[in-house]
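With the hints as constraints, model all of the structure from the sequences given.
Each protein sequence line maps, in turn, to chains S and Z.
For reference, each letter of the first sequence is one residue, going 228 to 454 in this note's numbering.
For reference, each letter of the second sequence is one residue, going 228 to 454 in this note's numbering.
Worth flagging that the hints you see were computed from the coordinates, not collected in a lab.
Misleading hints may appear alongside valid ones.
[What the hints assert, rightly or not] Which residues of chain Z face chain S? A few of them, derived with a C-beta cut under 10 Å, are:
1) Leu309
2) Val372
3) Lys375
4) Leu379
5) Arg387
6) Ser390
7) Ile391
[To be verified] Straight-line alpha carbon distances no greater than 25 Å define the calculated DSS-like cross-link-like pairs of lysine-lysine that follow:
8) Lys270(S) with Lys406(S)
9) Lys307(S) with Lys406(S)
10) Lys375(S) with Lys375(Z)
11) Lys375(Z) with Lys383(S)
12) Lys383(S) with Lys383(Z)
13) Lys417(Z) with Lys430(Z)
14) Lys383(Z) with Lys375(S)
Where a beta carbon is used, it is the ideal one built from N, C-alpha and C, also for glycine.
There are 2 protein chains.
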Amino acid sequence: MRTPHADGSLYRFPPAEDEEALVMLSDILPTGFECGVQNGRVKPGDTIAIVGAGPVGLAVLLTAQFYSPAAIFMIDLDDKRLAVAKQFGATTLINSSDGHAAHQVMELTEGAGVDVAIEAVGLPTTFAICQAIVAAGGRIANVGVHGKPVELHMEKLWDRNISITTRLVDTVTTPMLLKVVRSGKLQPGKLVTHRFAMNDIMKAYDMLGNAAKEGALKVVLTNDAHR
Amino acid sequence: MRTPHADGSLYRFPPAEDEEALVMLSDILPTGFECGVQNGRVKPGDTIAIVGAGPVGLAVLLTAQFYSPAAIFMIDLDDKRLAVAKQFGATTLINSSDGHAAHQVMELTEGAGVDVAIEAVGLPTTFAICQAIVAAGGRIANVGVHGKPVELHMEKLWDRNISITTRLVDTVTTPMLLKVVRSGKLQPGKLVTHRFAMNDIMKAYDMLGNAAKEGALKVVLTNDAHR
Numbered sequence: 228m229r230t231p232h233a234d235g236s237l238y239r240f241p242p243a244e245d246e247e248a249l250v251m252l253s254d255i256l257p258t259g260f261e262c263g264v265q266n267g268r269v270k271p272g273d274t275i276a277i278v279g280a281g282p283v284g285l286a287v288l289l290t291a292q293f294y295s296p297a298a299i300f301m302i303d304l305d306d307k308r309l310a311v312a313k314q315f316g317a318t319t320l321i322n323s324s325d326g327h328a329a330h331q332v333m334e335l336t337e338g339a340g341v342d343v344a345i346e347a348v349g350l351p352t353t354f355a356i357c358q359a360i361v362a363a364g365g366r367i368a369n370v371g372v373h374g375k376p377v378e379l380h381m382e383k384l385w386d387r388n389i390s391i392t393t394r395l396v397d398t399v400t401t402p403m404l405l406k407v408v409r410s411g412k413l414q415p416g417k418l419v420t421h422r423f424a425m426n427d428i429m430k431a432y433d434m435l436g437n438a439a440k441e442g443a444l445k446v447v448l449t450n451d452a453h454r
Numbered sequence: 228m229r230t231p232h233a234d235g236s237l238y239r240f241p242p243a244e245d246e247e248a249l250v251m252l253s254d255i256l257p258t259g260f261e262c263g264v265q266n267g268r269v270k271p272g273d274t275i276a277i278v279g280a281g282p283v284g285l286a287v288l289l290t291a292q293f294y295s296p297a298a299i300f301m302i303d304l305d306d307k308r309l310a311v312a313k314q315f316g317a318t319t320l321i322n323s324s325d326g327h328a329a330h331q332v333m334e335l336t337e338g339a340g341v342d343v344a345i346e347a348v349g350l351p352t353t354f355a356i357c358q359a360i361v362a363a364g365g366r367i368a369n370v371g372v373h374g375k376p377v378e379l380h381m382e383k384l385w386d387r388n389i390s391i392t393t394r395l396v397d398t399v400t401t402p403m404l405l406k407v408v409r410s411g412k413l414q415p416g417k418l419v420t421h422r423f424a425m426n427d428i429m430k431a432y433d434m435l436g437n438a439a440k441e442g443a444l445k446v447v448l449t450n451d452a453h454r
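Right, here's the structure in full:
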């Protein structure tokens, strides 16, 4: 295998480490951390909201806790994923399927909104929630992959001292995350819900096609012959 | 006169100072500087674009030069205002009335776009120009007052590592700007194009109603009786 620019993207595999945790470091952990937590400048005492409790939203949830926010609202359509978020440290769960998620967040924050709203879905509706709940002086950190334009309410936001950021993960934080994993303060292996042998990869895809029903987050494929 | 919270918003008038320059410090200079230059994080060597060459856009132009950008594109519909921008330090003038301003900026930057795009108008079309010309890793700093939503092209921007900021001026930079004015490095008095006695205030409004035709930027009203 030839890996271009390997100096910037390959890291030595620490022996005797939890392999599955390290697989999570290849993409979703640095994505959530760099695009969501770092761009959102999460700091101690902040009230933050994460819109989307899929694997990347959960990666945001795990890494946001490095900086000790006071409250973490997790917003999703799926109660199963919200329950996982609760186990992972979310302080408040909001099921957005009734269309009132933004209203609930504003009530819970006594009209102030959140310091950081992190978009981890990539849809106009979820981006709209972030705009509706960001506090004056707050940050909207986009993590989701978007396929179409969104409406930006500049008529409401122009004087609110907010920032909106976008970023493509570049994994520059992988060495840092590796240290946190090794310290035990971050356990990304918890994101792995299913395991398949490489020969059963088609079954893995079928299962992921019903991810919500199956309660699936991340799937690890194992090369049995190698083991 | 009663001034609430005067400790935070009143500054001692330096004797023998250029009064007209100080009038410009009351609003447009800190607006351009705080919302445009500081939020846009203009730094030495940057290529920046200012969309809108009205008084606030020109205030951005004047204060952006504190940080020695390499190139300053000034974009406006009015050649008269662009000519003023040239005198104030713009390096490239672009008249956007043909609808090709963004295209021109991309050509002039060899496809890279600008490090900082500063919106000093407050319309969907001018905000669209900023989105079209911001480079990967760049900043869009909004200064304009918007009255309606804008379309945000997240499908193009989600992976471009950009930031968009909004801010209402709070004049926290007034003491700093006052020092720069006193040093002679900033001459905001140049923004004053017309002067009227207070008694002629209706004439002043009539003239400003034709600001483009009159080549008007800022108007100073003087209480003659006091002088």
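Verification of the hints:
1. Leu309: Hint on leucine 309(Z): violated, closest Cβ of chain S at ~25 Å, above 10 Å.
2. Val372: Since the shortest Cβ distance to chain S is 6 Å, the answer is holds.
3. Lys375: Result: holds, 5 Å to nearest chain S Cβ.
4. Leu379: 4 Å, holds
5. Arg387: The hint holds - arginine 387(Z) has a Cβ within 10 Å of chain S, the shortest such distance being about 6 Å.
6. Ser390: This interface hint holds because 5 Å falls under the 10 Å limit.
7. Ile391: 4 Å, holds
8. Lys270(S) with Lys406(S): OK: lysine 270(S) and lysine 406(S) at ~20 Å, within 25 Å.
9. Lys307(S) with Lys406(S): It is violated: about 30 Å lies between the C-alpha atoms, which goes past 25 Å.
10. Lys375(S) with Lys375(Z): 20 Å, holds
11. Lys375(Z) with Lys383(S): Holds. Lysine 375(Z) to lysine 383(S) sits at ~8 Å (cutoff 25 Å).
12. Lys383(S) with Lys383(Z): Status holds; Cα separation ~23 Å.
13. Lys417(Z) with Lys430(Z): The hint holds at about 21 Å.
14. Lys383(Z) with Lys375(S): OK: lysine 383(Z) and lysine 375(S) at ~8 Å, within 25 Å.
Violated hints, listed in ascending order, are 1 and 9; each of the other numbered hints is respected by the structure.
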